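These protein sequences, in sequence, are chains A and B. Anchor point for the first sequence: position 24 equals 25 in the working numbering, and the numbering is continuous, going up by one each time. Anchor point for the second sequence: position 370 equals 371 in the working numbering, and the numbering is continuous, going up by one each time.
The set of hints was computed from the structure by calculation and includes no laboratory data. Computed from a predicted model, the values in this text were never measured in an experiment. Incorrect hints may have been included.
[What the hints assert, rightly or not] Which residues of chain A face chain B? A partial, calculated answer using Cβ under 8 Å: (1) E31; (2) G34; (3) T37; (4) L38; (5) H43; (6) K45; (7) V47; (8) E105; (9) L110; (10) R153; (11) R269; (12) R274; (13) M277; (14) E290.
Even glycine gets a Cβ: it sits at the ideal position worked out from N, Cα and C.
Number of protein chains: 2
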Amino acid sequence: ASTPSGPGGRGWGQPSQHPRDPHLFDQDKEYVGFATLPNQVHRKSVKKGFDFTLMVAGESGLGKSTLVNSLFLTDLYKDRKLLNAEERITQTVEITKHTVDIEEKGVKLKLTIVDTPGFGDAVNNTECWKSVADYIDQQFEQYFRDESGLNRKNIQDNRVHCCLYFISPFGHGLRPLDVEFMKALHEKVNIVPILAKADTLTPNELNSMSLPLFWFDFKQQIHDSIPFAVIGSNTVVEAKGKRVRGRLYPWGIVEVENSAHCDFVKLRNMLVRTHMQDLKDVTRETHYENYRAHCIQSMTRMVVKERNRNKLTRESGTDFPIPVIPGANDTETEKLIREKDEEVQRPHLECEPEFVWDWGILHIELSDSAQSNCGNECVHVTEHTYTQSPA
Amino acid sequence: ASTPSGPGGRGWGQPSQHPRDPHLFDQDKEYVGFATLPNQVHRKSVKKGFDFTLMVAGESGLGKSTLVNSLFLTDLYKDRKLLNAEERITQTVEITKHTVDIEEKGVKLKLTIVDTPGFGDAVNNTECWKSVADYIDQQFEQYFRDESGLNRKNIQDNRVHCCLYFISPFGHGLRPLDVEFMKALHEKVNIVPILAKADTLTPNELNSMSLPLFWFDFKQQIHDSIPFAVIGSNTVVEAKGKRVRGRLYPWGIVEVENSAHCDFVKLRNMLVRTHMQDLKDVTRETHYENYRAHCIQSMTRMVVKERNRNKLTRESGTDFPIPVIPGANDTETEKLIREKDEEVQRPHLECEPEFVWDWGILHIELSDSAQSNCGNECVHVTEHTYTQSPA
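So that you can see chain A by itself, here it is in the shape it has in the complex (with noise of 0.2 Å):
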């Protein structure tokens, strides 16, 4: 870049006047302000508001709904109606979802929460993984039709962005329900396992366990220490002469949010306060481009299937375009398949370099009692419940 120069010598230049902003260009000397961008996505992030959909699954009692009030300071279930044994034999998974807009420091949360009551409870659970898969896949499709449409403007976007799957402390680790699930589900959604009950084990068992979860690449540098598990509890006691949220036992106070004891506050920090987006971010870019991109190739098939079939029996030579590729002839688009196929797309968290991963196996525990422990912060504006049944 050639240097600036004023024109020095020149003698009849005079200084004009500086009715305002006489400062200015010294104050912005050499700034150009595009600094700023990040700010402009800051607040426009902040007028629109953020959306998640959290998804849980595990066998019942094993806190999955207390743990979910005790992470985002709500009553998630208020009008939840516990089946008793007679009605739970002929019970099926069934998927609910419950929505609550939630609001903290100006930023406000459409949280989704994905419920599967029932999974695991039957005497024969083969394939009931499936109706959890189906779900998610109808949410893929949903999103792809939408997206594909004329309107884009108004698309409602309910992917699930995040899988909390609870263990049972009892197993000597994972039993092969737990695998077939994860094995099924972990390419199509973030999953986290959650140790559940893990106040039933002193630190020692815990760490003689064996879990096996080879299957599960979410992040390298976690894949040999997750599962995670976590104590969650609503309940507020006193502890020290501060009340903290926890369990109280005969031989003393589980808190919830000490470190300690538990790991409750590790995952509420992966969850919501680092890694909340790059869920998000995954769940997009990974997830749904696969779906996605699976999808493309069943129908380009069946397109190139039927061209062929027609050009035998048809008069006349017009091609028909093949849908969603639109310039791709058949060989492109066979290659494209074919690069697509070697590609192998595994989910993978970005890793952000200021934050380092930390999950050793940590303890959970999730508290039977669902009561709600809802915050000053929290403002809970809307909730309604959405219920649907696989046929």
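Assemble the complex: chain A is given as a structure, and chain B must be docked to it using the hints.
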């Protein structure tokens, strides 16, 4: 929500030990943490970096290059070769693209300037805006192909986010060519009209200029106050002992960044510091969506026509799926098309309530000397030029 309560009178609870984090609960009291979401978005946007594509249009010599260099404190036209009178006779409108990576306070911006040398310079300028409109459409088309394709990981987005259109100060307002240009393009791109070389006009002359920009629906509030004129200069002169960018005349110094002299600062504030992200969002959500809807409508109509023709000739009754709108049948598709046709989408910049627009008739003057004035915070990383001529 129910009120949380401790066990109260039960006597056997002992306060537990607090080996670490004794104040954790108090510090984080009733704070979930999703208020960090905008910061997560902020951090990710900085990490990813930004891009912006700015088009400049207007006849030669109005100072387009100087204004761009003044705005971004860079030197985008180092290797520009000015044509002589003979060469200009055969010159047609071409489109050149300059890209520069600049950085400011850790924020990276990939700035692309699309220039239109030769625009309006010929004897007969009939439809000389056509190559500009074609260029914009081509970028939309390329993006439509890319976002409809299988692999959407590394899409390069070349859509034009803003067009600075330079109006000559000698025309007593808009000339027919100006009107035709803006009529043809204002539904494809955000146009910001610039009154060039405004230091040839006194404030009274500026105010009396008739500029009927009725067709420009950029923003309701500024409907009456655009175009705005700005003075640009890359030459540093001394005024009152201070070094400022400006133009030195025997009768005084025109200071570029003095808002009593001109509104260069206002243009820069709008374009870079407050509404750069808005211009990108309007391009994406309105201009591109309109282009895409028209594309889909023609494709759908074509396929429906094909299908009907084939129904007469084909023996098999198999139907082809309509491309791009999976699941929609003929009637739905036609209904959607009708709805879309009825919905007149006009470009509309989002109004930030905290930012009140204050565009008067601004004065701009564009110095001829295209000297770069590159500050310390501007780091040039790469620069490449790509030239595209219409066939």
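Answer holds if the nearest beta-carbon of chain B is closer than 8 Å to that of A:R274; otherwise answer violated. Hint holds; A:R274 Cβ to chain B Cβ min 4 Å, cut 8 Å.
Interface hint compliance - A:K45 to chain B, C-beta minimum distance less than 8 Å: Cβ of A:K45 sits 6 Å from chain B, so the hint holds.
Minimum Cβ distance from A:E290 to chain B below 8 Å? holds (6 Å)
Double-check A:L38 for me: the hint is only fine if its C-beta lies closer than 8 Å to a C-beta in chain B. Holds, because the Cβ-Cβ distance from A:L38 to chain B comes to roughly 5 Å (cut-off 8 Å).
Hint check: is the beta carbon of A:M277 less than 8 Å from a beta carbon of chain B? holds (6 Å)
Hey, does the A:E31 contact hint survive, CB to chain B under 8 Å? With Cβ-Cβ at 3 Å, under 8 Å, it holds.
How about A:R153: closest beta carbon in chain B under 8 Å, or not? holds (6 Å)
Restraint outcome when A:T37 is required to lie within 8 Å of chain B by C-beta distance: With Cβ-Cβ at 5 Å, under 8 Å, it holds.
Does the nearest C-beta of chain B fall within a distance shorter than 8 Å of the C-beta of A:V47? Since chain B brings a Cβ to about 5 Å from A:V47, closer than 8 Å, the hint holds.
Min Cβ distance, A:H43 to chain B: is it shorter than 8 Å? This interface hint holds because 5 Å falls under the 8 Å limit.
Interface hint compliance - A:G34 to chain B, C-beta minimum distance less than 8 Å: Holds: closest Cβ of chain B sits about 4 Å from A:G34, inside 8 Å.
Given A:R269 as an interface hint, is its Cβ closer than 8 Å to any Cβ of chain B? Check passed: Cβ of A:R269 comes within 6 Å of chain B, closer than 8 Å.
Hint compliance for this structure: no hint is broken.
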